[in-house]
Amino acid sequence: MAEEKSKLQSLFEQGEFAVTCEIGPPKNAQGDGIRKHTEHLKPFVDAVNLTDNQTAIVRLSSIGAGVHVLAAGGEPIIQMTTRDRNRIALQSDLLGAYSLGVRNVLCLSGDHQTFGNHQEAKNVYDLDSIQLIKTVKDMREAKVFQSGEVIKQGEPRFFIGAVANPFADPFEFRVLRLEKKIRAGAQFIQTQCIFDMERFEAFMDLARKRGLHQQAYIMAGVMPIKSAKAAKYMQKNVSGMLVPDGIVEKMSKAEDQPAEGVKLCIEQIKHLRTIPGVRGVHIMAVAWEEIVPEIVKGAGLLPRP
Amino acid sequence: MIVAEAKTLEEILESLQGMSKVLVVGCGGCVSVCLAGGEKETGILASTLRMKRELMGDPLETVEETLTRQCDPEYVQQLAKKLEGIDCILSLACGVGVQFLAEQFPQTWVVPALNTLFAGATMEHGLWEERCGLCGECVLARTGGVCPVIRCAKSLLNGPCGGSQNGKCEVKPNECAWQLIYNRMSELGRVELLLEVAGAKDWSKSRDGGPRKMVREDVKIDG
Numbered sequence: 001m002a003e004e005k006s007k008l009q010s011l012f013e014q015g016e017f018a019v020t021c022e023i024g025p026p027k028n029a030q031g032d033g034i035r036k037h038t039e040h041l042k043p044f045v046d047a048v049n050l051t052d053n054q055t056a057i058v059r060l061s062s063i064g065a066g067v068h069v070l071a072a073g074g075e076p077i078i079q080m081t082t083r084d085r086n087r088i089a090l091q092s093d094l095l096g097a098y099s100l101g102v103r104n105v106l107c108l109s110g111d112h113q114t115f116g117n118h119q120e121a122k123n124v125y126d127l128d129s130i131q132l133i134k135t136v137k138d139m140r141e142a143k144v145f146q147s148g149e150v151i152k153q154g155e156p157r158f159f160i161g162a163v164a165n166p167f168a169d170p171f172e173f174r175v176l177r178l179e180k181k182i183r184a185g186a187q188f189i190q191t192q193c194i195f196d197m198e199r200f201e202a203f204m205d206l207a208r209k210r211g212l213h214q215q216a217y218i219m220a221g222v223m224p225i226k227s228a229k230a231a232k233y234m235q236k237n238v239s240g241m242l243v244p245d246g247i248v249e250k251m252s253k254a255e256d257q258p259a260e261g262v263k264l265c266i267e268q269i270k271h272l273r274t275i276p277g278v279r280g281v282h283i284m285a286v287a288w289e290e291i292v293p294e295i296v297k298g299a300g301l302l303p304r305p
Numbered sequence: 306m307i308v309a310e311a312k313t314l315e316e317i318l319e320s321l322q323g324m325s326k327v328l329v330v331g332c333g334g335c336v337s338v339c340l341a342g343g344e345k346e347t348g349i350l351a352s353t354l355r356m357k358r359e360l361m362g363d364p365l366e367t368v369e370e371t372l373t374r375q376c377d378p379e380y381v382q383q384l385a386k387k388l389e390g391i392d393c394i395l396s397l398a399c400g401v402g403v404q405f406l407a408e409q410f411p412q413t414w415v416v417p418a419l420n421t422l423f424a425g426a427t428m429e430h431g432l433w434e435e436r437c438g439l440c441g442e443c444v445l446a447r448t449g450g451v452c453p454v455i456r457c458a459k460s461l462l463n464g465p466c467g468g469s470q471n472g473k474c475e476v477k478p479n480e481c482a483w484q485l486i487y488n489r490m491s492e493l494g495r496v497e498l499l500l501e502v503a504g505a506k507d508w509s510k511s512r513d514g515g516p517r518k519m520v521r522e523d524v525k526i527d528g
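Going line by line, the protein sequences match chains A and B.
One point on numbering: in our numbering, the residue at position 161 of the first sequence is 161, and numbering is uninterrupted.
One point on numbering: in our numbering, the residue at position 185 of the second sequence is 490, and numbering is uninterrupted.
None of these hints come from the bench; they were simulated from the model.
Computed from a prediction, not measured in an experiment: that's the story for all the values here.
There may be inaccurate statements among the hints.
As the list claims (entries may be wrong) - Below, computed lysine to any residue pairings styled on SDA-like, alpha-carbon distance capped at 20 Å:
id: 1; chain 1: A; residue 1: Lys-137; chain 2: B; residue 2: Lys-345
id: 2; chain 1: B; residue 1: Lys-473; chain 2: A; residue 2: Gln-235
id: 3; chain 1: B; residue 1: Lys-473; chain 2: A; residue 2: Glu-172
id: 4; chain 1: B; residue 1: Lys-510; chain 2: A; residue 2: Ser-147
id: 5; chain 1: B; residue 1: Lys-518; chain 2: B; residue 2: Gly-449
id: 6; chain 1: A; residue 1: Lys-122; chain 2: B; residue 2: Lys-518
id: 7; chain 1: B; residue 1: Lys-345; chain 2: B; residue 2: Thr-367
id: 8; chain 1: A; residue 1: Lys-137; chain 2: B; residue 2: Glu-501
Unchecked claim - Pairwise CB distance ranges, derived in the manner of DEER restraints:
id: 9; chain 1: B; residue 1: Glu-435; chain 2: A; residue 2: Gly-148; range: 29 to 35 Å
id: 10; chain 1: A; residue 1: Glu-4; chain 2: B; residue 2: Asp-513; range: 34 to 40 Å
id: 11; chain 1: B; residue 1: Asn-479; chain 2: A; residue 2: Lys-297; range: 41 to 47 Å
id: 12; chain 1: A; residue 1: Ser-147; chain 2: B; residue 2: Glu-434; range: 33 to 39 Å
id: 13; chain 1: A; residue 1: Ile-57; chain 2: B; residue 2: Glu-359; range: 32 to 38 Å
id: 14; chain 1: B; residue 1: Gln-409; chain 2: A; residue 2: Pro-26; range: 52 to 58 Å
id: 15; chain 1: B; residue 1: Arg-495; chain 2: A; residue 2: Val-144; range: 17 to 23 Å
id: 16; chain 1: B; residue 1: Trp-414; chain 2: A; residue 2: Leu-95; range: 14 to 20 Å
id: 17; chain 1: B; residue 1: Gly-441; chain 2: A; residue 2: Val-286; range: 37 to 43 Å
Using N, Cα and C, we set each Cβ at its ideal position, and we do this for glycine too.
Turn these sequences into a full structure, and let the hints steer you where they fit.
Right, here's the structure in full:
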């Protein structure tokens, strides 16, 4: 039986600067790729996020993927969106995930289905992300289901995560929304990919003024960019992402673009570590998982505890 | 009002296959205001159908009638005397009207000519927008008079998701409802209201509890 307490939570409590990354589950029923990635990544990261049908594209479930991570000796953070499941299904899956040894859950609303491969789907949104956070917390602390019914024994005791996007609008509301998530029960936060350092610092400044950095472990999100084309695409087409011209320019001028992307990412991590209140880094190397060790090493984050 | 739009001519023709005499019924209520099913649209649809069927070598006879409202048995009953020799009723009302006709005339086949869209209003000539999700538990007092239940693509009750940028929703080209809410709360100096965590909504008051009924004993006329 798995430990009751999440390893990630223990590391934060010990004062470690945590490192997490992301594995996107496959669009098939094969788990060996997730296990291989886990084997490869586990000496370099403390936990691995498993996305929940990201961009609303059907993939192997985050809980299923989390079980593969566990089998390969890794620490999973399952992402759980409120797009596809109502409160009954969400709570049922929380019970199932915990029973299988998963200890970390990241609560989010999820990308709208119009971005995905089933655009005619009905979305659920019975709960929003903040209501899900509160539900997970109430299951653990008050030992009740969302309806108020008592969980007589074996309640799930998740370490609860949430996301924050300092680059979406309205900017002034972003810190308040983070505060709401923490009030609802979020214990760790992973931010959207940071490219606009100035805006992130302004965000952290406001967060510190409200004391939020002392109420939750804030992990800064980074993403190594593989090409100038990718940088331009994100700059133009991804809502809630800010990619400054300077980054696009650096990538365009680079002879070896992937190497430049890695270099930029390492520089960002080194800088982020100096910002008060940043307690870890979350590396989102989408479809480029194999680069994570090089980044972690380059950023001086080895050895992992 | 309830906003609706015409189904495609192909779909309507398909639903009238095998029918030779059709009662085409307009409605003088909401669908008349949103220019989808009033007297004028009823006339145009009936003559278009007749011409199209003529060209198809399968002529269609139509009888036209526009009721004050199709969602009222008193008006609907006026159609009873027009049903002689009719194969089918084609209703240009919202879904309520179509069902009222079907309920009132159990022996008559009834088909819709419109798709019922939403509860909304005219923004400018030729533009209608949705404003109410008919959720049964109004939250507008907490959100500055802007409804996140229906105007946010995810019905979020605690603020904007990470896809809101420059006032736009990640589902283009919609406005972000939470940006509108935030703007209004800021202007009225009430942003602190948005810090309150809104609990899970009671969807049983919406259609998730099954088709709804409203009973007002105080206005019922005792039989």
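Hints, one by one, checked against the model:
no.	hint	result
1	A:Lys-137 to B:Lys-345	58 Å, violated
2	B:Lys-473 to A:Gln-235	15 Å, holds
3	B:Lys-473 to A:Glu-172	16 Å, holds
4	B:Lys-510 to A:Ser-147	15 Å, holds
5	B:Lys-518 to B:Gly-449	28 Å, violated
6	A:Lys-122 to B:Lys-518	25 Å, violated
7	B:Lys-345 to B:Thr-367	15 Å, holds
8	A:Lys-137 to B:Glu-501	17 Å, holds
9	B:Glu-435 to A:Gly-148: 29 to 35 Å	33 Å, holds
10	A:Glu-4 to B:Asp-513: 34 to 40 Å	36 Å, holds
11	B:Asn-479 to A:Lys-297: 41 to 47 Å	44 Å, holds
12	A:Ser-147 to B:Glu-434: 33 to 39 Å	35 Å, holds
13	A:Ile-57 to B:Glu-359: 32 to 38 Å	49 Å, violated
14	B:Gln-409 to A:Pro-26: 52 to 58 Å	56 Å, holds
15	B:Arg-495 to A:Val-144: 17 to 23 Å	32 Å, violated
16	B:Trp-414 to A:Leu-95: 14 to 20 Å	50 Å, violated
17	B:Gly-441 to A:Val-286: 37 to 43 Å	41 Å, holds
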